[in-house]
Amino acid sequence: MNEPRTLFDKIWDRHVVQAETDERPALLYVDLHLVHEVTSPQAFRTLRGRNLRVRRPDRTLATIDHSVPTTVADEHGTWPGLSAAASKQIEELRDNCRTFGVPLRDSTDDRGIVHVIGPESGATQPGMTIVCGDSHTSTHGAFGALAFGIGSTEVSHVLATQCLLQRKPRSMAVELVGTPAPGVTAKDLILAVIGRLGVDGGTGHVIEYRGDAVTRLDMAGRMTLCNMSIEAGARAGLVAPDATTFEYLRGRPRAPANGDWEHAVRDWSELPTDAGARFDATVTVDVGNLTPQITYGTNPGMVMPIEANVPNRSEDGDALEYMQLEPNAPLLGRPIDVAFVGSCTNGRIEDLRSAAAVLRGHRIRDSVRMLVVPGSHAVKAAAEREGLADVFVAAGAEWREPGCSMCIAMNGDVVGKGQLAISTSNRNFRGRQGPGSRTLLASPATVAASAIEGAVADPRDFATTETIDA
Amino acid sequence: MHEPLTTVSSSRLVLPQPNIDTDQIIPARFLTTTTRHGLGAHAFADWRDTPPLDDPRAADCAVLVAGDNFGCGSSREHAAWALHDFGIRAVISTTIADIFRANAIQNGIVPIEVAPKTHAALLARPWEPVELDLPSRRIRFDGAEIEFTIDAFGAHCLAHGLDTLDYLLSQSNDITAFEAARA
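Protein chains in written order, with the numbering used here: chain A, 632 to 1101; chain B, 137 to 319.
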């Protein structure tokens, strides 16, 4: 009888080229390397400087998402007013992909956020190792893939050798117990988990999310959950692959087809954690009484139920001062300037449906600027087909082209100095959405409700005919 | 590729705030560069006008003592490039975020995790000297000497200025065999 293993153990073991020793980390094989324009140019320069090739272009997939404007590109694939630096970065990726034979999702109907297009094309599959020069690579763990962010030097390692030197992280089970009430979304679950773990509670660990509240989530919800694992310090988050995973993948362009499909499903079905397998740490979070969550501070661990008052915590330093919030005061009713729906956390079609379900038949307050940015062109097309885009436009929101947009504010979509934004993105760090910007993180439904009110609002006050579970 | 690094001796730059994220170390608006160079000018760009970074002594510090959980957030290696270019060769905190720690080692910055008591003592006396001796895994400050732990491979690469890409490339036979066995 073999020792029971976790999902993480099984994926790790399948990819060890050389076992780790005291003197040297393991040599770990990478199945899928995702590349974007911001963290790859230095790595490609290393390859050029040493006259190296990309070892496996077939295991590499590039896109342009971070610095790209969310306005419509011209016929040359560029944008009026794009900064010279951003333009050079985009052109350099195009040139690198041509030179090294790396597939690039570039055309005006093919682009998207790297963590949205990987899954929707079926490139992200259970049991894989997936890396990208991007901390939200943890998103792909929703499929039962070991996926984590790396630096640009490591990007050069993977480009040149398809391998990384890695110490095996510790494992952590995060058990979600209880049944969340209607209107409580995956975003609320993960914000509550981060609040519980703190922003460094997962450091050195790979998290596996477990429990009925996890398995009941659709793939979009699981991606939201795994996406923010890094905000608790964990490089990777995992959900065991199951029928929901397989159903999502079936028929996608890069998913196994025909005879290979049955074989793949059999293989993937062996991945879930064995009964009796040991985790280095276990944390239980009761989500049965959870209400919509919202951050109030300057990191994602500073989070509370939407109906609560801002806490008075000494360890938060001058965070409340930065946020211009008073301790013991409610957030509900606090005026907002900007509402953002999008990002690799909440930029999928399910997220847009959730926001549209709240917005339908309403107008956003005149004082609010609302941006809705689809995660990919496929998401954009689906939203337009389903009439969601019409709902956003009728409500007074700006309906944009896909990209990271206001989550990282590199592309011109910025929150102004001192402005308060409510955002479906993943980081409320000081200045994250623009110098001096202040950010409240919440679910798409909460952001939509707040845009209507012009102030922080509880989405449960907006009865919708559709489910708003995302 | 960085210079071999075995000892560092300098006054300490103290940033006591916990959870200093990589967006603070280098804001995203400076990430449109395509090289690794010149980012020191933008290190802590939005903190430069306030103490202690407005103090001319900050420019001479090679050791940064930071609050708990330094370097969390984005994987941007620009954070390590910016700190190195700013002159930082060692970062000391109670915990250092995983991706930043790996990026630091790749770029000639020693990540040092110390116990809360040691950390408090280091935070208490800004601008005072700290000595780092990597081969013996020791830091000396205020008359005290503290041993720290660091991954053996990382320490070896730092001490010899080794580029791990050379090592990885030298393992290509094993990588080819692995690919063949899985095909």
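Hints may be right or wrong, so weigh each one.
[As the list claims (entries may be wrong)] Below, in silico cross-link-like pairs of lysine to any residue (SDA-like), each with a Cα-Cα straight-line distance of 25 angstroms or less:
hint, chain 1, residue 1, chain 2, residue 2
1, A, K641, A, V914
2, A, K719, B, A177
3, A, K641, A, K1048
4, A, K641, B, D302
5, A, K641, A, E1084
6, A, K799, B, A177
7, A, K799, B, S146
8, A, K799, B, V250
9, A, K1048, A, E1084
10, A, K799, B, Q307
[To be verified] Selected chain B positions facing chain A (Cβ under 10 angstroms, derived; list incomplete):
hint, residue
11, R165
12, R172
13, D196
14, G209
15, V250
16, I282
17, T285
18, S308
Derived from the structure by calculation, the hints contain no laboratory data. Quick reminder that beta carbons are idealized off the backbone N, C-alpha and C, glycines included.
Here is how each hint holds up against the structure:
For the hint linking K641(A) to V914(A), the alpha-carbon distance of about 21 angstroms falls within 25 angstroms, and the restraint holds. Pair hint K719(A) plus A177(B) holds up; C-alpha atoms about 21 angstroms apart against a cutoff of 25 angstroms. Annotation: proposed proximity of K641(A) to K1048(A) is violated, straight-line Cα distance about 47 angstroms (limit 25 angstroms). With a CA separation close to 29 angstroms, the supplied pair K641(A) and D302(B) exceeds the 25 angstroms bound.
For a cut-off of 25 angstroms, the pair hint linking K641(A) to E1084(A) is broken: about 48 angstroms separates their Cα positions. For a cut-off of 25 angstroms, the pair hint linking K799(A) to A177(B) is broken: about 35 angstroms separates their Cα positions. Under the criterion of a C-alpha separation no larger than 25 angstroms, the hint pairing K799(A) with S146(B) is inconsistent with the structure, at around 34 angstroms. Taking the CA atoms of K799(A) and V250(B), the gap is near 22 angstroms; set against the 25 angstroms cutoff, the hint holds.
Restraint check for K1048(A) and E1084(A): satisfied, since their Cα atoms lie roughly 22 angstroms apart, inside the 25 angstroms limit. With a CA separation close to 19 angstroms, the supplied pair K799(A) and Q307(B) stays within the 25 angstroms bound. Proximity of R165(B) to chain A holds as hinted, the smallest CB-CB distance being about 7 angstroms (cut-off 10 angstroms). Annotation: R172(B) was flagged as interfacial toward chain A, and the flag holds, the nearest CB pair being 5 angstroms apart, inside 10 angstroms.
Given the 10 angstroms rule on beta carbons, the hint for D196(B) is violated: about 26 angstroms separates it from the nearest Cβ of chain A. Hint status for G209(B): holds, given a least beta-carbon distance of 6 angstroms to chain A, under 10 angstroms. For V250(B), the shortest C-beta to C-beta distance to chain A is roughly 15 angstroms, which exceeds 10 angstroms, and the interface hint is violated. Given hint, I282(B) at the interface with chain A, is violated; its Cβ is 21 angstroms from that chain's nearest Cβ, farther than 10 angstroms.
For T285(B), the suggested interface contact is broken, since its CB lies about 12 angstroms from the closest CB of chain A, more than 10 angstroms. Here the hint on S308(B) is kept, as its CB sits about 7 angstroms from the closest CB of chain A, short of 10 angstroms.
In summary, the structure is inconsistent with hints 3, 4, 5, 6, 7, 13, 15, 16 and 17 from the numbered list given earlier, while agreeing with the others.
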